[in-house]
Amino acid sequence: MGVILEVKNLTKKYGGLTAVNDFSFEIKRGEFIGLIGPNGAGKTTVFNLISGFQRPNSGTIRFDGKDITGMAPYKIVNLGVARTFQLVRSFKLLTLLDNISVSCLSSRGKKVAKGHGVDEYASTILASVGLVDKARIPPIILPHGDLRKLQIGKALGTNPQLLLLDEPFSGLSHEEQDVITDLIIKLHDDGVTVFMTGHVLRELMHLVPRVIAMHQGKFIMDGTPQEVAKNKIVLEAYLGKGEVFA
Amino acid sequence: MSAKSLSKGKGRVKKKLSGSKSYLLNWSKTFRGRLTIICLIGLCLIPLLTQNRYYLGIFITAMIFSIFAASWDFLAGFTGQVSFGQAIFFGISGYITSYFIRYLYLPWWASLLIGSLVGVAFGLLIGIPALRLKGPYLGLATMVLGLIMFYTFLNVKFEPWLGGSEGISKIPQISRNAVETYYIHLIFMITSFLILIWIGKSKMGTVFKSIRDDDIGAEASGINLTKYKLIAFMISAFFAGIAGGLFAMHNRGVNPGVFQPLYSFYAIVMASLGGIATISGSALGSYFFWFAAELFSEWPDVSVFIFAIILILVIRFAEHGILKPVLERLKDIWDLVLGK
Ligand SMILES: Nc1ncnc2c1ncn2[C@@H]1O[C@H](COP(=O)(O)OP(=O)(O)O)[C@@H](O)[C@H]1O
Ligand SMILES: [Mg+2]
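First to last, the sequence lines map onto chains A and B.
Start counting the first sequence at 1; every next residue gets the next number (our numbering).
Start counting the second sequence at 1; every next residue gets the next number (our numbering).
A few of these clues could be false.
Unchecked claim - Lysine to any residue pairs mimicking SDA-like chemistry, simulated, CA-CA at most 25 angstroms apart:
no.: 1; chain 1: A; residue 1: K66; chain 2: A; residue 2: L93
no.: 2; chain 1: A; residue 1: K110; chain 2: B; residue 2: K227
no.: 3; chain 1: B; residue 1: K201; chain 2: A; residue 2: L87
no.: 4; chain 1: B; residue 1: K21; chain 2: A; residue 2: V88
no.: 5; chain 1: B; residue 1: K201; chain 2: A; residue 2: A135
no.: 6; chain 1: A; residue 1: K75; chain 2: B; residue 2: Y151
no.: 7; chain 1: B; residue 1: K201; chain 2: B; residue 2: I231
no.: 8; chain 1: B; residue 1: K29; chain 2: A; residue 2: K111
no.: 9; chain 1: A; residue 1: K92; chain 2: A; residue 2: T60
no.: 10; chain 1: B; residue 1: K201; chain 2: A; residue 2: S107
no.: 11; chain 1: A; residue 1: K114; chain 2: B; residue 2: I199
no.: 12; chain 1: B; residue 1: K134; chain 2: A; residue 2: V88
no.: 13; chain 1: A; residue 1: K92; chain 2: B; residue 2: N155
no.: 14; chain 1: A; residue 1: K92; chain 2: A; residue 2: K28
no.: 15; chain 1: A; residue 1: K111; chain 2: B; residue 2: K134
no.: 16; chain 1: A; residue 1: K110; chain 2: B; residue 2: V82
no.: 17; chain 1: A; residue 1: K218; chain 2: A; residue 2: L93
no.: 18; chain 1: A; residue 1: K92; chain 2: B; residue 2: V82
no.: 19; chain 1: A; residue 1: K134; chain 2: B; residue 2: N155
no.: 20; chain 1: A; residue 1: K92; chain 2: A; residue 2: N21
no.: 21; chain 1: B; residue 1: K170; chain 2: B; residue 2: Y151
no.: 22; chain 1: B; residue 1: K29; chain 2: A; residue 2: L94
no.: 23; chain 1: A; residue 1: K75; chain 2: B; residue 2: K29
no.: 24; chain 1: A; residue 1: K92; chain 2: B; residue 2: I199
no.: 25; chain 1: A; residue 1: K110; chain 2: A; residue 2: G130
no.: 26; chain 1: A; residue 1: K218; chain 2: A; residue 2: K92
no.: 27; chain 1: A; residue 1: K134; chain 2: B; residue 2: K227
no.: 28; chain 1: A; residue 1: K13; chain 2: A; residue 2: L93
no.: 29; chain 1: A; residue 1: K28; chain 2: A; residue 2: G223
no.: 30; chain 1: B; residue 1: K170; chain 2: B; residue 2: N155
no.: 31; chain 1: B; residue 1: K134; chain 2: B; residue 2: K29
no.: 32; chain 1: B; residue 1: K203; chain 2: A; residue 2: I68
no.: 33; chain 1: B; residue 1: K134; chain 2: A; residue 2: L93
no.: 34; chain 1: A; residue 1: K134; chain 2: A; residue 2: K75
no.: 35; chain 1: A; residue 1: K111; chain 2: A; residue 2: L87
To be verified - Just so you have them, the derived chain B footprint on chain A, three or more residues with Cβ under 8 angstroms:
no.: 36; segment: 80 to 94
no.: 37; segment: 169 to 180
no.: 38; segment: 222 to 233
To be clear, the hints were calculated from the coordinates, so they are not data collected in a lab.
Note that the Cβ used here is the ideal one computed from N, Cα and C, for glycine as well.
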């Protein structure tokens, strides 16, 4: 299995603050991998850099062998990298079906949707994230758990090879977390490479076989969740926050 | 294409047609639908009541501005790009249309088409700042561009080419027959509205609305914002151009005044009066506005005052349009009459 994502010496500064500091890692096709670190570690910034919403000060990002550093976000999406946001976003006045249709109308989504028709393809996706009975309502009246599902559905509409999920469990009850967990496992089984962040290690512990840990923008270690949970620097980073297993 | 996929395609078209038929049927049963149909029938019958050129002229002006306001509503209501320079497209098409009629002796419809297409080119040009600017900044930038056009066309140095403060005059009207002119404008208004509403309901319309609701989210969904914003500006500019060309012919000439921000405000106020993102609300707003202007035509100061008040109200309560509560009242009365 080849490398699907290669990040090399990535650095992003905000004024005097280095949010991501000389960060490097690789992800293989078909992997299921977590990115952890306490709040403010730089996880979201890493996702923003990969998805093109921010430009790095230095370093390179290669997707499928192709240099995508600093490329426009929509182009990166159309190469096959989709993302969700830590703070949920939606098209507030469009129906859920149309929320998904938009991604199906991207140049990458269109290729798959062509055979089925956009509406049909969008409803299939809506069904796969468990929202098909709400197809005709707008997202403003949805509970938070459904909004998280919608996020994933919107990403799926672009037919991604690599899916970046930023804190997909944030703000969810344990029951809702289980539903999203099942959904993510299913996506991974279907062949999507999944890269997700979490600031609570417990959430990722039983889900992913591999974790990258970061702290204050720096790479700390890469290993199984068990190895990471034993790492001294990781423990220190979380010390006092009581968040590692919380 | 194989025979199988062809027949499948036919089935889909059939399904779509019957779908839109039942949609129309349902629509015609709603209050808004009935009101629209009654108004349309009313507009068709007006020339039976009066053939007076002056009175029909008021209706024609209102129809022209319906199209103009709808063009703004399309851009702001569907795509979320609030332009304060809509008069640029209106004015440039007015000039080009007049120029081709007056100096190149082209038929009015060909000149109007050329004028509107030049409007589209300006839409592309004005759309470029919209790629970087948002909200009030875009509004300000488009307004300044409008002012630049106004002063350029007014400038004495350019008078030999642009006509100075006189502009272009002595344009023949579309038809000597007032009733015929009336119906031509009615057809323009209905066709423009149908096209704009249809685009709004199309897949492209869904993409426009996604940009309006959350542009970052749209980009994360793989949408090329540049492309769609420019398309929206071009479509909007086309219809503003149609309105501008018709306006020039209706007034038998055009002068730099058409580039004034006032005209952009007209479009905004009329569209907002009838309800943003409705398209057809623009007609409501425009008729309301022109009838009110007619009522107070003896006291032009009063009408400016009223316009200012409406503008303030619109800015304060613009979201659903000022006329919506009135419409709802009307619906209560309607229900009462029908004994519901
Ligand atoms: N747009 C921004 N401007 C300035 N500072 C930022 C910006 N985004 C993030 N930061 C800072 O960068 C650091 C990393 O933030 P972030 O990537 O959101 O961390 P995480 O997702 O791991 O919680 C934080 O100190 C944060 O305050
Ligand atoms: Mg974060």
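Hint-by-hint comparison with the structure:
1. A:K66 / A:L93: 36 angstroms, violated
2. A:K110 / B:K227: 16 angstroms, holds
3. B:K201 / A:L87: 29 angstroms, violated
4. B:K21 / A:V88: 37 angstroms, violated
5. B:K201 / A:A135: Holds, because 17 angstroms separates the two Cα atoms, which is no more than 25 angstroms.
6. A:K75 / B:Y151: Outside the cut-off at roughly 41 angstroms; violated.
7. B:K201 / B:I231: 16 angstroms, holds
8. B:K29 / A:K111: 38 angstroms, violated
9. A:K92 / A:T60: 35 angstroms, violated
10. B:K201 / A:S107: 20 angstroms, holds
11. A:K114 / B:I199: 20 angstroms, holds
12. B:K134 / A:V88: Since the Cα atoms of K134 (chain B) and V88 (chain A) sit roughly 21 angstroms apart, the hinted pair holds (cutoff 25 angstroms).
13. A:K92 / B:N155: Status violated; Cα separation ~46 angstroms.
14. A:K92 / A:K28: This hinted pair is violated, its Cα atoms lying about 36 angstroms apart.
15. A:K111 / B:K134: 31 angstroms, violated
16. A:K110 / B:V82: 29 angstroms, violated
17. A:K218 / A:L93: Violated: K218 (chain A) and L93 (chain A) sit about 40 angstroms apart, past 25 angstroms.
18. A:K92 / B:V82: 18 angstroms, holds
19. A:K134 / B:N155: 59 angstroms, violated
20. A:K92 / A:N21: 36 angstroms, violated
21. B:K170 / B:Y151: Between K170 (chain B) and Y151 (chain B) the Cα gap is close to 23 angstroms, so the pair holds against 25 angstroms.
22. B:K29 / A:L94: 23 angstroms, holds
23. A:K75 / B:K29: 44 angstroms, violated
24. A:K92 / B:I199: Holds - the C-alpha atoms of I199 (chain B) and K92 (chain A) are around 20 angstroms apart, at most 25 angstroms.
25. A:K110 / A:G130: Holds - the C-alpha atoms of G130 (chain A) and K110 (chain A) are around 22 angstroms apart, at most 25 angstroms.
26. A:K218 / A:K92: 36 angstroms, violated
27. A:K134 / B:K227: 31 angstroms, violated
28. A:K13 / A:L93: Violated, because 36 angstroms separates the two Cα atoms, which is more than 25 angstroms.
29. A:K28 / A:G223: 14 angstroms, holds
30. B:K170 / B:N155: Holds. K170 (chain B) to N155 (chain B) sits at ~21 angstroms (cutoff 25 angstroms).
31. B:K134 / B:K29: Measuring from Cα to Cα gives roughly 39 angstroms; hence the hint is violated.
32. B:K203 / A:I68: Violated - the C-alpha atoms of I68 (chain A) and K203 (chain B) are around 29 angstroms apart, more than 25 angstroms.
33. B:K134 / A:L93: 19 angstroms, holds
34. A:K134 / A:K75: The given pair, whose Cα atoms are some 30 angstroms apart, is violated under the 25 angstroms limit.
35. A:K111 / A:L87: 29 angstroms, violated
36. 80 to 94: With 9 residues in contact (Cβ-Cβ under 8 angstroms with chain B), the coverage given for the segment 80 to 94 of chain A holds.
37. 169 to 180: It is violated: at least three residues are needed, and the segment 169 to 180 of chain A offers just 0 whose Cβ sits closer than 8 angstroms to chain B.
38. 222 to 233: violated (count 0)
Hint violations for this structure: numbers 1, 3, 4, 6, 8, 9, 13, 14, 15, 16, 17, 19, 20, 23, 26, 27, 28, 31, 32, 34, 35, 37, 38, all remaining hints satisfied.
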